[in-house]
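2 protein chains.
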Amino acid sequence: MDNPFFTALEKTALNDTVSLEQALEHVRFDDNGLIPAIAQQHDTGEVLMMAWMNHDALLETLQKGQVCYWSRSRQALWRKGESSGHTQKLVSLRMDCDGDTLLCLVDQTGAACHSNRKNCFYLEVKGDQLATISVPITD
Amino acid sequence: MDNPFFTALEKTALNDTVSLEQALEHVRFDDNGLIPAIAQQHDTGEVLMMAWMNHDALLETLQKGQVCYWSRSRQALWRKGESSGHTQKLVSLRMDCDGDTLLCLVDQTGAACHSNRKNCFYLEVKGDQLATISVPITD
Chain C
1 MDNPFFTALE KTALNDTVSL EQALEHVRFD DNGLIPAIAQ QHDTGEVLMM AWMNHDALLE
61 TLQKGQVCYW SRSRQALWRK GESSGHTQKL VSLRMDCDGD TLLCLVDQTG AACHSNRKNC
121 FYLEVKGDQL ATISVPITD
Chain L
1 MDNPFFTALE KTALNDTVSL EQALEHVRFD DNGLIPAIAQ QHDTGEVLMM AWMNHDALLE
61 TLQKGQVCYW SRSRQALWRK GESSGHTQKL VSLRMDCDGD TLLCLVDQTG AACHSNRKNC
121 FYLEVKGDQL ATISVPITD
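If you read the sequences in order, they're chains C and L.
In terms of my numbering, the first sequence is residues 1 to 139.
In terms of my numbering, the second sequence is residues 1 to 139.
The set of hints was computed from the structure by calculation and includes no laboratory data.
Mixed in with the good hints, there may be bad ones.
Each pair may be met inside one copy or between any two copies, as identical chains are not told apart.
Unchecked claim - Lysine-lysine pairs mimicking DSS-like chemistry, simulated, CA-CA at most 30 Å apart:
hint: 1; residue 1: Lys118; residue 2: Lys89
hint: 2; residue 1: Lys11; residue 2: Lys126
hint: 3; residue 1: Lys89; residue 2: Lys64
hint: 4; residue 1: Lys11; residue 2: Lys118
hint: 5; residue 1: Lys126; residue 2: Lys64
hint: 6; residue 1: Lys89; residue 2: Lys126
One chain only, chain C, in its complex shape (with noise of 0.2 Å):
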């Protein structure tokens, strides 16, 4: 989707900076103001999960060092982790080429599945099924 200030960014060199107060102005939120974060293992690069930030999850996130979502089934901000411990450390944050999509590198606590699997995708298509490649893990 058209981002004239992400796309503008296209043609910066390596290290070049802009100011993120700025660059938060133009994060493309959705019609209900949430944005797509994948949470990707930081260190072994296993994508954990997919979840939804609003503007004020993404200022959490960056404040405090741990990942907070926006939960679209509690209407609520979602800091992972605060009821079962699964926290993620927040890494580093990064953003697509047209602002609207996230990337978390974070360092995991336990289980980033509510199913306490390693991570959310655990069904995979083979052949005409649908199979189960993960289980549960024990704390």
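Fit chain L to the known structure of chain C by using the hints.
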């Protein structure tokens, strides 16, 4: 978000399977008929991009083994690499625990990003700045 079909799958054991056809009936597309699809390089774990699929794009991706998205700006199927040659061969397609996000493990040819960077997540928060952390590749 509540998705009883996928919730029931949480109890499955390793290598249990269900019919893909049945699962596809319960995949959760949003109000625009779209589901987020993360593309990850299958062997390095690099998160390449995130885009959207509608039902037809998902079926074509599975049938042809080449990733096809839905372009929201063009409102048309987006056969990744059709014009650039930067195709994504599907290695594995996974679904998450509530059936509302896809993870495509792919073998990417050339750059995944339209800016000709290897991946789209080339902007990183560093303190109060947003820094460019990769540059276009030369094919």
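Here is how each hint holds up against the structure:
no.	hint	result
1	Lys118 <-> Lys89	both (15 Å within a copy, 26 Å between copies)
2	Lys11 <-> Lys126	between (41 Å within a copy, 19 Å between copies)
3	Lys89 <-> Lys64	within (9 Å within a copy, 39 Å between copies)
4	Lys11 <-> Lys118	between (38 Å within a copy, 15 Å between copies)
5	Lys126 <-> Lys64	between (41 Å within a copy, 14 Å between copies)
6	Lys89 <-> Lys126	between (33 Å within a copy, 16 Å between copies)
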